[in-house]
Amino acid sequence: MSELGGYAAALALVACGYAAAAAACGARTGAWRWADSGYRSLGVAAGLLTVSVAALLYALVTHDFRVAYVVRNSSLATPLPYRVSALWGAQAGSLLFWSWLMAGVGCAALRRQRREHPQLAAWASAVLATVLGFFVFLVVIEQPFRTLPFAPGDGRGLMPLLEDPGMVLHPPLLYLGFVGLSVPYSFAVAALLTGKLDAGWITATRTWTVVSWLSLGAGLVVGGWWAYRTLGWGGYWGWDPVENAALVPWLVSTAYLHSAVVQERRGAFAAWNLALVVLAFSTAVLGTFLTRTGLVVSVHSFARSEIGPYFLGFVGVTLAASLGLLVWRWEDLRGSPPVDDLLSREGAFLFNNVLFLGFAGAVLVGTLYPLGVQAAGGGQVFVGPPYFHAVAAPVGVALLVLMGVAVLLPWRRAGPRTLARFRFPFFFALLVAVAAGVGLRRPGVVAAAAAVAFALGATLNAFHAAGQAGVRTGRGYFHGLLEAFRGQRRRYGGYVAHLGVLVMAVGVVASHAYVREREVLLRPGQSFSLGRYVFVHRGLEQSATALADVTRARVELHEPGRVFPLQPVRLFYPRWGQVVTRPAIRSTLRDDVYLVLWSFQRDGSATFRAWVNPMVRWVWVGALVCGLGAVLAVWPQKKRRPVLLVDGALPLATARTRDGYPAKGRREAAREVLRALRGPREGRVP
Amino acid sequence: MSRLGPLLLALLAAVMGSGAAWGSPDLDERVRAVASRLMCPVCEGRTVAESTSELAAQMRAVIRERLARGESEEAVVAYFVERYGQSVLAAPPRAGAGWLLWLAPAVLVGGGAGYVVYRFGRRSPWSWADDGEEES
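From first to last, the protein sequence lines are chains A and B. Counted the way the numbering used here counts, the first sequence spans residues 1 to 686. Counted the way the numbering used here counts, the second sequence spans residues 1001 to 1136.
Treat the hints with caution; some may be incorrect.
[Stated by the list, open to error] Short derived list, chain B residues pointing at chain A, Cβ under 8 angstroms:
#1 R1032
#2 P1041
#3 V1042
#4 R1046
#5 A1057
#6 R1060
#7 S1087
#8 A1090
Derived from the structure by calculation, the hints contain no laboratory data. Beta carbons: idealized from backbone N, C-alpha and C, even for Gly.
Using the sequences and the accompanying hints, generate a full structural model.
Structural data, given as structure tokens:
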């Protein structure tokens, strides 16, 4: 079975090579039979990779210890879900899994576009097949199916830290995010090659852009959640190079997600969006390269290997080819319509891009700086939290303010009437700033609080306007809100995502600025206090599982009026020589109590490290709301059949009454169309 | 707006006034601040504040002791740099080549914003007729 997997992967490489050549040839000459053949062999590659993945899964699930990968990443004692997740737990397997995902995503994305944009799709399949071919090549080099000369009786097991639901989810989500970015990238390159630089490629790939943005974001959040629950250092984000490597493409695709709206809506930013997509994919590949070759010092030291030079070559070729294409098409791209006025929503989107890209660039510089210093012979340096906090705090506050400004500004150009809308959010922010100034001690926190208040005020203002439109038409406030979601789901879904970001921002600021911690050595019966909490050590319990020696501390958490049991655990895995601490966490919306059993002695005394982290739960809740908002915004809509298309008028189904409220009945809608027809422009029925 | 002016000024004054009342952070916070400026020498990529190693715990104790003795945060950091070398710092100092790093964010964001303003910033005078289209 495992031999079959190896052969399938090798054949997939051949299929990718053929697919790239055939699709490119078809796209160049317009011989669609060749393009189709290329697309079909991409499908063949996907099938072969499925066989390969299935073979490795089968080997893992059935404990086939002839295979080195199975020995290294699972054991007889590994439960089934973690045997499955071992597929992406180490280098060779995760590269295979990654290639399989990319083949599947690529085929799914091309399936529909093949008919709607044949030439674009033909070039896109050539690009996808090339990229996929490279990753399959890495799989062949890494040999996930390499067998041992003899089969040991048991495997080494998955690294204990990785045996966690968070770790089952975190890597596939990130991979899906990275892989998904290859779809808009390949279509963008296709657009550059064909010279069809309208928004066609954007609409063709919008779903995949959002899917990969969502899953990158979800992967980052799940990773933070896992780190918080298992690593025992009281935090969820450590600015580790590997975390940064995933954050940078996420930031770039966030910028793209926003500016793509402008291109679809106003036809501006065409060149810019192409550059952004190229940048998002390139940073994703660069990030993978840094992660996979162990080039940067990181806690994610799971992958050190010999694929470095190939990968560096691939990064170089990707960047050079994409930049070359952009330069080659520069004259065609320059002609996109300019922004009339900076004080408009387009202007706000421009600044959004500046901030997100500046942030991404700063994170990238911080991540690569140690490499640069080493290359210059300067020895080892770190760039850690002090630098990244100094960047993230002001950029974050600026982004929050901009979030509010963008919602308040209209398209094209703001006049005095729209500027009046700034009043409520502004005074709300001022009020919060004063209250925060009195209650909190740090200027940075006060600035953040005011920014959150401003953005909140602006966003609520938008919802309020929709509700009032409902009142004006006599159908009621709530109905107006509902109609806003029904008629302009992308916009209001985006606002819901913004609200989620605001909730997250509150959590992030509070948990960073007001965290308290203590380390104490306690004999049983002794206690210590932290904030409004008192911890009482009640003794230790020892037990053993098949793999680990378990020490559990029984601690009572006293808070005013209540007692809560906490049981931090310390596990020692003799086979790995690894200690895993499972903190006891008691989480409320107000704060998290986070207790780690640090070390212990035979007499039952133990060293504890305790944190009180304010409002951490807001981070998870906010992330969830943000994700829901994004899903709401992009969930495929049933295509509305245009009833009557008239130049200068709106199709019936999207007709609006004078105050911007979607027209309800057919008769009312028809009246709107007629009104538009009689408008300044002469209507012509095509 | 003319009636709002004094109110605004009063609010601003209140903000400033409360700013003056901000106290200095307590010892726990200062220990944490110093610890997150230092890298744990024995573990990969974790600061002393975050690290779960024995050495980091000892370093935190030393930081606490020295700060309690009245040493400044800078002096404590300098003490560790003297013992472990520059590589103990969690971020390069703002000096020499370090400026390449520390100025990068300002250059990137500032340069980007400057370019946007330069390229799109000219606008014709306002008129009451302005007010762009709403929505969708």
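Against the structure, the hints:
1. R1032: Hint on R1032 (chain B): holds, closest Cβ of chain A at ~7 angstroms, below 8 angstroms.
2. P1041: violated, 11 angstroms
3. V1042: violated, 13 angstroms
4. R1046: Since the shortest Cβ distance to chain A is 7 angstroms, the answer is holds.
5. A1057: Given a least distance of 7 angstroms, the restraint on A1057 (chain B) holds.
6. R1060: holds, 7 angstroms
7. S1087: Holds, about 5 angstroms.
8. A1090: Given a least distance of 4 angstroms, the restraint on A1090 (chain B) holds.
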